[in-house]
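Participant: Chain residues, written in single-letter form:
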Amino acid sequence: MFFLIIFVHYLGALNFLENKLRNTLIFVLKPITTKIQKISNSDLCQNIATLSSSDQITIKNKILEQENFDLKNQLNFKKHSTSTLATAEIVAKNLDTADQVIVLNRGTNDNIKIDQPVIYGDGILVGKIIKVEENISFARVLSDNQSKIAGTILNTDHSLGIVEGGFGLSIKMSFIPRNENIITGDEIITSGLEFGMPRGLIIGKVAVIENESYQPFQQAVITPAVDYEKINFVGILSTQ
Amino acid sequence: MHFNNIIKKISAFCLANLLILLHLSWRMIFHQPINLLNIVMTVFLWLIVFNPRQQYILIATYTLLVCELFYTSPFGLESFSQISALLLANWLLLNVFTNRSLIIIFFTGLITMIIYRILFILLIYCNSLIQKNSSVIPLALIKIFLNEALITAITLSLFYLISSLFIKRLRPEYILETSRII
Chain A
4 MFFLIIFVHY LGALNFLENK LRNTLIFVLK PITTKIQKIS NSDLCQNIAT
54 LSSSDQITIK NKILEQENFD LKNQLNFKKH STSTLATAEI VAKNLDTADQ
104 VIVLNRGTND NIKIDQPVIY GDGILVGKII KVEENISFAR VLSDNQSKIA
154 GTILNTDHSL GIVEGGFGLS IKMSFIPRNE NIITGDEIIT SGLEFGMPRG
204 LIIGKVAVIE NESYQPFQQA VITPAVDYEK INFVGILSTQ
Chain B
4 MHFNNIIKKI SAFCLANLLI LLHLSWRMIF HQPINLLNIV MTVFLWLIVF
54 NPRQQYILIA TYTLLVCELF YTSPFGLESF SQISALLLAN WLLLNVFTNR
104 SLIIIFFTGL ITMIIYRILF ILLIYCNSLI QKNSSVIPLA LIKIFLNEAL
154 ITAITLSLFY LISSLFIKRL RPEYILETSR II
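One line per chain: the protein sequences are A and B, in this order.
Position one of the first sequence corresponds to residue 4 (this note's numbering), numbered consecutively onward.
Position one of the second sequence corresponds to residue 4 (this note's numbering), numbered consecutively onward.
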């Protein structure tokens, strides 16, 4: 029975049922998690039950202000960018503990394709699309261990390297030539050297530099430009 | 009787869906290492420990196959390794770890999770061989898997400890049986 279901899945006969089931689960899950996350993220993290109705309205306003700010930033990016941008909401996270993957509510119906960059606000890179279904897509976050992006440091040498994730715990840039000068606080952006990834998307700042004499390259630990755990809306870039 | 069976099946289906929602929201709300807890495995291991039944494996199959819709790994690999690990846990509890002490429960949880991850890594490796991809399992990933196993085993033990206070201790049958023997 189990193997039969898997076989039928790979034949594609269960697509309709799977999409319905997934959409139903996301539909139920989304309001619960959003409410809990927003309460925990809010500056006014108090006991809601004890608050008066005016205080609750203030909290709701704060939440809406934050959403408005995120979307305005995205709109600002959209105005200056030549590529088209599709706004998407993070509806769930991948269940596998080893992966740092987010589930977005846009899919093949919205012309989303594999390898398209996912951004936050005014051009901050969050990750890349790795799997697309009819109504949803999966994006691998930069901090995932399998994530690899060509990046460049905005220093005098314009050092090139590979930005890699470290199991959701950190991001580092490796393969930076040892003779190039990097300073803590240097900005890192995408180099545009890989297909489908435009130059200039912000990745983060250099936090720690590791330059060992016995290693052929130096590497830098990066502070991401945004906390990937706390974002709700992202944009999917479709580059030419 | 027939009506009762239908009610039971519907409630099992609803509970399985609730479990999926709980597992998904746990992963979504909490950050590492708290979100490493595998709620689905904890609940099914707990059920197997208390009252091993064939139906639990069927419900687990449904739950894990639905959870598979939220994985990026090839369909079936996660659920196959988890179901195999659950079956092995059941066999271990029936034939090897027949005692139900807290340490035994902890080690059952730990061994099951380790077996699940070993099977998963093997399947991923086989998949990469078939698809001719390169697959390297780094040491940090193994560390995460071990943390996951440890957190799940500890939660299972705590869950067992609390629930055994209410489920096992308050049964008068034991007292009646011992008094008859005496």
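Don't read these hints as lab results, they were simulated from the structure.
Careful: at least some of the hints might be erroneous.
Claimed, not checked - Pairwise CB distance ranges (calculated):
# : chain 1 : residue 1 : chain 2 : residue 2 : range
1 : A       : Glu197    : B       : Ala15     : 44 to 50 Å
2 : B       : Phe16     : A       : Ile212    : 53 to 59 Å
3 : B       : Arg103    : A       : Ile60     : 22 to 28 Å
4 : A       : Lys134    : B       : Arg103    : 41 to 47 Å
5 : B       : Trp94     : A       : Lys134    : 15 to 21 Å
6 : A       : Ile60     : B       : His34     : 58 to 64 Å
7 : B       : Leu18     : A       : Phe72     : 16 to 22 Å
8 : B       : Tyr65     : A       : Pro34     : 39 to 45 Å
Claimed, not checked - Subject to a maximum C-alpha distance of 25 Å in a straight line, what follows is the list of computed PhoX-like cross-link-like pairs (lysine-lysine):
#  : chain 1 : residue 1 : chain 2 : residue 2
9  : A       : Lys134    : A       : Lys116
10 : A       : Lys134    : A       : Lys151
11 : A       : Lys23     : B       : Lys12
12 : A       : Lys116    : B       : Lys12
Backbone N, C-alpha and C fix where the C-beta goes; we use that ideal spot for every residue, glycine too.
Participant: For the pair we were handed, Lys116(A) and Lys12(B), check the Cα-Cα distance against 25 Å.
Facilitator: Distance ~40 Å between Lys116(A) and Lys12(B) Cα, so the pair is violated.
Participant: Take the C-beta atom of Ile60(A) and the C-beta atom of His34(B), compute their distance, and say whether it sits inside 58 to 64 Å.
Facilitator: Given range 58 to 64 Å: violated, Cβ gap about 29 Å.
Participant: Just tell me: holds or violated, for the beta carbon distance of Glu197(A) and Ala15(B) against 44 to 50 Å?
Facilitator: For Glu197(A) and Ala15(B) the Cβ distance comes to about 48 Å; the hint holds.
Participant: Holds or violated: Lys134(A) and Lys116(A), Cα atoms, limit 25 Å.
Facilitator: 8 Å, holds
Participant: For Arg103(B) and Ile60(A), compare the CB-CB distance with the range 22 to 28 Å and indicate the outcome.
Facilitator: Because 53 Å falls outside the window, the suggested range is violated.
Participant: Taking the Cβ atom of Phe16(B) and the Cβ atom of Ile212(A), is their distance within the range 53 to 59 Å?
Facilitator: With Cβ atoms ~55 Å apart, the hint holds.
Participant: Is it true that the C-beta distance of Leu18(B) to Phe72(A) lies inside 16 to 22 Å, as the hint says?
Facilitator: The hint (16 to 22 Å, Cβ to Cβ) is violated, given that Leu18(B) and Phe72(A) are roughly 40 Å apart.
Participant: Do Tyr65(B) and Pro34(A) keep their Cβ atoms within the hinted range of 39 to 45 Å?
Facilitator: 24 Å, violated
Participant: When you take the CB atoms of Lys134(A) and Arg103(B), is the distance between them in 41 to 47 Å?
Facilitator: 42 Å, holds
Participant: Do the alpha carbons of Lys23(A) and Lys12(B) lie within 25 Å of each other, as the hint requires?
Facilitator: 21 Å, holds
Participant: Can the restraint linking Lys134(A) and Lys151(A) be considered satisfied, given a maximum Cα separation of 25 Å?
Facilitator: Within the cut-off at roughly 16 Å; holds.
Participant: Does the Cβ-Cβ separation between Trp94(B) and Lys134(A) fall within 15 to 21 Å?
Facilitator: 35 Å, violated
In this structure, the hints that do not hold are numbers 3, 5, 6, 7, 8, 12, in rising order.
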